[in-house]
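Enquirer: Letter by letter, the chains look like this.
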Amino acid sequence: MAHSARRDSPELPDFSVLKRLARDQLIYLLEQLPGKKDLFIEADLMSPLDRIANVSTLKQHEVDKLYKVEYKPVVSTSDQLCFLIRPRIQTVKWVCDVVNADKAAGKFKRYKIIFTPQKFYACETVLEEQGIFGDVSTDEWAFYLLPLDEDIINLELPEFFRDNFLEGDQRWVRTGGSALHLFHSIYGPFSKVYGIGRCSKMVYESWREQVKEGEQKARQAEVGTVFLIDRDVDFVTPLCSQVVYEGLVDDIFRIKCGCVEFGPDVTSSDKSIKVMLNSQDKVFNEIRNEHFSNVFGFLSQKARNLQTAYDKRRGMDIKQMKTFVSEELKGLKQEHRLLSLHIGASESMMKKKTKQDFQELLKTEHSLLEGFEIRECISFIEEHINRQVSMIESLRLLCLLSLTENGLLPKDYRSLKAQYLQSYGVDHLLTFANLKQLGLLVEQQPGETLTVMESKMGKLVNDKTAGKLTDAFSSLAKKSNFRALSRRLSLVPKSDEEYDLRVPRDMAYIFSGAYIPLSCKLIEQVLERDGWTGLEEVTRLLNGHEFAVTGSNGADLRPQSDAQRIILVMFLGGCTFSEISALRFLGRERGYKFIVLTTAITNSARLIEAMLDNHV
Amino acid sequence: MMKSKADEEDYWNSSKFKAFTFDDEDDEFTKLKESRQAVNSICGLVEEEEDEDEVEKVSWSGEPVGSISWSVRETASSLREQSFPKIDTTPSLPKNSSGYSLSSLFKGKEVLSDSSVRLYAPELRKPKSEYKVTAVSLEKFRSLQEKLLLLDEAVGVHDGNVITAVLIYLKKSLSKEVLFRELESRQTALRHFIHYLTESKEQRLLLELYRALGRTEDEALLQYKEHLRITDENKRRDFLKSCVSLPFSPEDAGHVQDHYTLLERQIIIEATDRQAETGGKVEIFQKFPRRASILNMPLITTLYYCCFYHYAETEGTYSSPANIRQTFRIAEKQYFVTALAARAKLKAWHDVDALFTSRNWLGFTRKKSPLSFSRVADILSKNNAPVQVLQEYVGLVDDVELRVALAQKYKCHFIVISTYRDLKDRQLLLGYRGKVERGSEEERKIDELLSNPQIRWKN
Numbered sequence: 001m002a003h004s005a006r007r008d009s010p011e012l013p014d015f016s017v018l019k020r021l022a023r024d025q026l027i028y029l030l031e032q033l034p035g036k037k038d039l040f041i042e043a044d045l046m047s048p049l050d051r052i053a054n055v056s057t058l059k060q061h062e063v064d065k066l067y068k069v070e071y072k073p074v075v076s077t078s079d080q081l082c083f084l085i086r087p088r089i090q091t092v093k094w095v096c097d098v099v100n101a102d103k104a105a106g107k108f109k110r111y112k113i114i115f116t117p118q119k120f121y122a123c124e125t126v127l128e129e130q131g132i133f134g135d136v137s138t139d140e141w142a143f144y145l146l147p148l149d150e151d152i153i154n155l156e157l158p159e160f161f162r163d164n165f166l167e168g169d170q171r172w173v174r175t176g177g178s179a180l181h182l183f184h185s186i187y188g189p190f191s192k193v194y195g196i197g198r199c200s201k202m203v204y205e206s207w208r209e210q211v212k213e214g215e216q217k218a219r220q221a222e223v224g225t226v227f228l229i230d231r232d233v234d235f236v237t238p239l240c241s242q243v244v245y246e247g248l249v250d251d252i253f254r255i256k257c258g259c260v261e262f263g264p265d266v267t268s269s270d271k272s273i274k275v276m277l278n279s280q281d282k283v284f285n286e287i288r289n290e291h292f293s294n295v296f297g298f299l300s301q302k303a304r305n306l307q308t309a310y311d312k313r314r315g316m317d318i319k320q321m322k323t324f325v326s327e328e329l330k331g332l333k334q335e336h337r338l339l340s341l342h343i344g345a346s347e348s349m350m351k352k353k354t355k356q357d358f359q360e361l362l363k364t365e366h367s368l369l370e371g372f373e374i375r376e377c378i379s380f381i382e383e384h385i386n387r388q389v390s391m392i393e394s395l396r397l398l399c400l401l402s403l404t405e406n407g408l409l410p411k412d413y414r415s416l417k418a419q420y421l422q423s424y425g426v427d428h429l430l431t432f433a434n435l436k437q438l439g440l441l442v443e444q445q446p447g448e449t450l451t452v453m454e455s456k457m458g459k460l461v462n463d464k465t466a467g468k469l470t471d472a473f474s475s476l477a478k479k480s481n482f483r484a485l486s487r488r489l490s491l492v493p494k495s496d497e498e499y500d501l502r503v504p505r506d507m508a509y510i511f512s513g514a515y516i517p518l519s520c521k522l523i524e525q526v527l528e529r530d531g532w533t534g535l536e537e538v539t540r541l542l543n544g545h546e547f548a549v550t551g552s553n554g555a556d557l558r559p560q561s562d563a564q565r566i567i568l569v570m571f572l573g574g575c576t577f578s579e580i581s582a583l584r585f586l587g588r589e590r591g592y593k594f595i596v597l598t599t600a601i602t603n604s605a606r607l608i609e610a611m612l613d614n615h616v
Numbered sequence: 001m002m003k004s005k006a007d008e009e010d011y012w013n014s015s016k017f018k019a020f021t022f023d024d025e026d027d028e029f030t031k032l033k034e035s036r037q038a039v040n041s042i043c044g045l046v047e048e049e050e051d052e053d054e055v056e057k058v059s060w061s062g063e064p065v066g067s068i069s070w071s072v073r074e075t076a077s078s079l080r081e082q083s084f085p086k087i088d089t090t091p092s093l094p095k096n097s098s099g100y101s102l103s104s105l106f107k108g109k110e111v112l113s114d115s116s117v118r119l120y121a122p123e124l125r126k127p128k129s130e131y132k133v134t135a136v137s138l139e140k141f142r143s144l145q146e147k148l149l150l151l152d153e154a155v156g157v158h159d160g161n162v163i164t165a166v167l168i169y170l171k172k173s174l175s176k177e178v179l180f181r182e183l184e185s186r187q188t189a190l191r192h193f194i195h196y197l198t199e200s201k202e203q204r205l206l207l208e209l210y211r212a213l214g215r216t217e218d219e220a221l222l223q224y225k226e227h228l229r230i231t232d233e234n235k236r237r238d239f240l241k242s243c244v245s246l247p248f249s250p251e252d253a254g255h256v257q258d259h260y261t262l263l264e265r266q267i268i269i270e271a272t273d274r275q276a277e278t279g280g281k282v283e284i285f286q287k288f289p290r291r292a293s294i295l296n297m298p299l300i301t302t303l304y305y306c307c308f309y310h311y312a313e314t315e316g317t318y319s320s321p322a323n324i325r326q327t328f329r330i331a332e333k334q335y336f337v338t339a340l341a342a343r344a345k346l347k348a349w350h351d352v353d354a355l356f357t358s359r360n361w362l363g364f365t366r367k368k369s370p371l372s373f374s375r376v377a378d379i380l381s382k383n384n385a386p387v388q389v390l391q392e393y394v395g396l397v398d399d400v401e402l403r404v405a406l407a408q409k410y411k412c413h414f415i416v417i418s419t420y421r422d423l424k425d426r427q428l429l430l431g432y433r434g435k436v437e438r439g440s441e442e443e444r445k446i447d448e449l450l451s452n453p454q455i456r457w458k459n
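If you're matching them up, the sequences are chains A and B in order. Residues in the first sequence are numbered consecutively from 1, following UniProt numbering. Residues in the second sequence are numbered consecutively from 1, following UniProt numbering.
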């Protein structure tokens, strides 16, 4: 794993203060309801909470019993109930049911809802409508930033993606601004902000407003540069199969809040184990960014080294043995445990992938990215659908086809959609409607000449003055222009060149040398050019909304200073582990350090699942 | 159902790693205080608390802006160096729209966003009663023009929470017709409203909205979605029937029609088969008991099921594969894949064979497939077909390299051998001799070929 790394990469700031901050805020809020109380926690808040506090912390602050919110009637004997929830109407309705049931039964209790990261007016309206406004006190726990690793901070808001990009609801814009503001107030001041995407622009504005409102202290910046990017700028990257170790583990086992559960097939016992995957795991840290094909060799080399280290015991006298046991054995055992886990995981992944003809799947993806043998790709996808192979996988391939080809020919669209509905159920009509709305899976529009006019119109209209017009053009505005972008930015290396995955020469290694992720390429280009100059054609193809601004608050602007080379990349709508690996590679090559701030960790399955509507 | 305390403990302790801790055994209070200070200084909350009354009055009550603390703050902020430029280019509102200056109400977005923060995200220690101030003050916006300006201003701030708050107020204080009409030209607000109605499950109003906007397909889809809530299959079928006439696109209308027809048939097939199964007279149900009901399964699953249990039936019955194929216009390839998988699962190799056999007009038979033979072999092997069956299809793969690769993968030695013979490649054949079992028929065949003087080897 020899990388030609620049040695002068700056040090990353310490993010543990964020955990402490969140924890203390929570404790403060719990103290606002003095006395013993039962705490109900929203299911998807449990893991994040686990990362910053534990049961004894909560117990110390008079939390008696802990429950998961399950939308069922509550059996609790406590006379004080506290609900720690996301600001969702459904959950608030459930709380109302709980309170009203108590009222009906003549029970008088004290209730408190703690919304995190913030409360929404719509939620309070529910309280009002259900007649319990005033019976329930509400608070906000501004838990925005959860450090998952030394270079990843997560907002843990997977719904950001669907709400913002599919529903067009800007409720999380301010949240994004506040998260950035919190980061800024601890690790800033920022001196440069770059960005692309509508949401990025709005988040920037929201952040700027919040900075303006608050007090600013002159301090030494730890992080000086920020890049904001909307997920819909690049849908292709998250829809590709991940082949870098960490991404592959996420695709197959699903990493949840930095933690993965390995089942019996990995542990080769009858138990599952949960494992934290981060830089603390020395074995994982060395393979996480590697192409999967290198991992096996690396692990077996490690195993051999370990064997040698163990073997040292032979022929030791008692004193040496004592030192060995007290100094080395523990470390070796730990390494042994980790090694066998990751070897088990690799084996299990290999098995799963050979079973589903992974090679052929990758070949199809690469052809799509290259725009080569599209007919073959279509019939591959068709067979996939016909054989009822994974419903998500089929949609993913359809979306990739549509994105890379700028939409499907009407004939293909109709036929593939019909076959899809036959294989997986007609209720996926709703899913197709969503995919179309988002521009992930569309029919090619007849008359390509419209586009020029449309792009001119696009600049003139905005949603306030010409909603209808925008609507009429919206399907066109969402053209992905992937092929043109790919050419402009040389995203797809020439296929006749050999690509040595052991010695990656660019970020394409994360996709077996077949494709440089568009999102990361944009970041690279903008940092290199210190702005968008020279990328006019690219931003036009991406439907604009790019910006580059420089602050003038006395922040350190020397480009070579450490803070300038620590770059915060904020992904609005989620990012993949592969993208993080690519950025780490870029950082090593150019002497940057990237910190990824994302609304959620995503992958193709999560992205597609967010679009499903075939359930109540 | 209630989780016991022990269960919960178990959950929390089951994660294998300690949550983040820091030494806080003693002196907890000081630390808490310290970090609370940190929180406060970061968020600037303390400041906000001091002047919030003024701000609220200013922004929501409709009084002219100009209170002392407001202007002090304004001045301060204008003096402060503008550290980052504004980039958004939201066009400003038409200011001449009414006799008195409404724009002064909104003196900058800041005022609205400020108060909204305070309004919907009040400071920690703020007494509850204070929110009501705003509820009252929203009601000061009585004229349509004021309401719309309020809405447009909210949209301009890009805070979805504020937009929705204003929409909830407008929903309460405007008639549907007027609200719908005004939303039509305000796409951002409209999408917020639709999302709000979806989340609060106000189905009927949402349908009316779609109708008013002429978004008939959305209306149809939303209505169709309701079927997911109906668990009784007969009621669901009847509901789907009523959906057929909804204003779908012609293409989708066809799909919905199919959905209805399919469920109708599934109900019939399910009833008959359940009876046959419990009756115990039909062999196939005894040998392969049904694992689940066929109700609400996709079409292809239903076809598979029928190919499995009802393969030989004549086209007259609802459950015959041929009937299903015809009714739902299933593509040839799709039908083949499904029938093949079902018959292979049953190891009915004769049926498999028959699927591919076609007779030309001279009466000769030959194997034909809408699916590549390599794919056929793949499906067969996944269903554990024996080599004798597999090799027949592997042998039909046109591409020589692929054929050899597949034959090796599926251990169809004779195919490999005969392909090498056809290639007249003695070296490869010799090499392959080491891979077959010693003393086997395959070995004998290879020896026979190698010693055959009639073959003119190329190497």
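To be clear, the hints were calculated from the coordinates, so they are not data collected in a lab. These numbers come from a predicted model, not from an experiment. Please note: incorrect hints may appear among the correct ones.
Below, in silico cross-link-like pairs of lysine-lysine (BS3-like), each with a Cα-Cα straight-line distance of 30 Å or less [said to hold, decoys possible]: (1) 287/B with 355/A; (2) 409/B with 382/B; (3) 411/B with 382/B; (4) 330/A with 411/A; (5) 19/A with 65/A; (6) 411/A with 333/B; (7) 353/A with 382/B; (8) 333/B with 345/B; (9) 353/A with 312/A; (10) 172/B with 363/A; (11) 172/B with 355/A; (12) 367/B with 93/A; (13) 355/A with 367/B; (14) 201/B with 352/A; (15) 436/A with 201/B; (16) 353/A with 345/B; (17) 65/A with 36/A; (18) 287/B with 363/A.
Sample of chain A residues with no beta-carbon within 12 Å of chain B, all distances over it, derived [as the list claims (entries may be wrong)]: (19) 212; (20) 352; (21) 430.
Glycine is no exception: its CB is placed at the ideal position from the N, C-alpha and C atoms.
Enquirer: Give a verdict on every hint.
Expert: Going down the list of hints, with the structure as the test:
no.	hint	in the structure
1	287/B with 355/A	holds, 28 Å
2	409/B with 382/B	holds, 12 Å
3	411/B with 382/B	holds, 14 Å
4	330/A with 411/A	violated, 64 Å
5	19/A with 65/A	holds, 23 Å
6	411/A with 333/B	holds, 17 Å
7	353/A with 382/B	holds, 15 Å
8	333/B with 345/B	holds, 18 Å
9	353/A with 312/A	violated, 38 Å
10	172/B with 363/A	violated, 56 Å
11	172/B with 355/A	violated, 57 Å
12	367/B with 93/A	violated, 63 Å
13	355/A with 367/B	holds, 28 Å
14	201/B with 352/A	violated, 41 Å
15	436/A with 201/B	holds, 23 Å
16	353/A with 345/B	holds, 23 Å
17	65/A with 36/A	holds, 9 Å
18	287/B with 363/A	violated, 41 Å
19	212	violated, 6 Å
20	352	holds, 15 Å
21	430	violated, 6 Å
The earlier numbered hints that this structure contradicts are 4, 9, 10, 11, 12, 14, 18, 19, 21.
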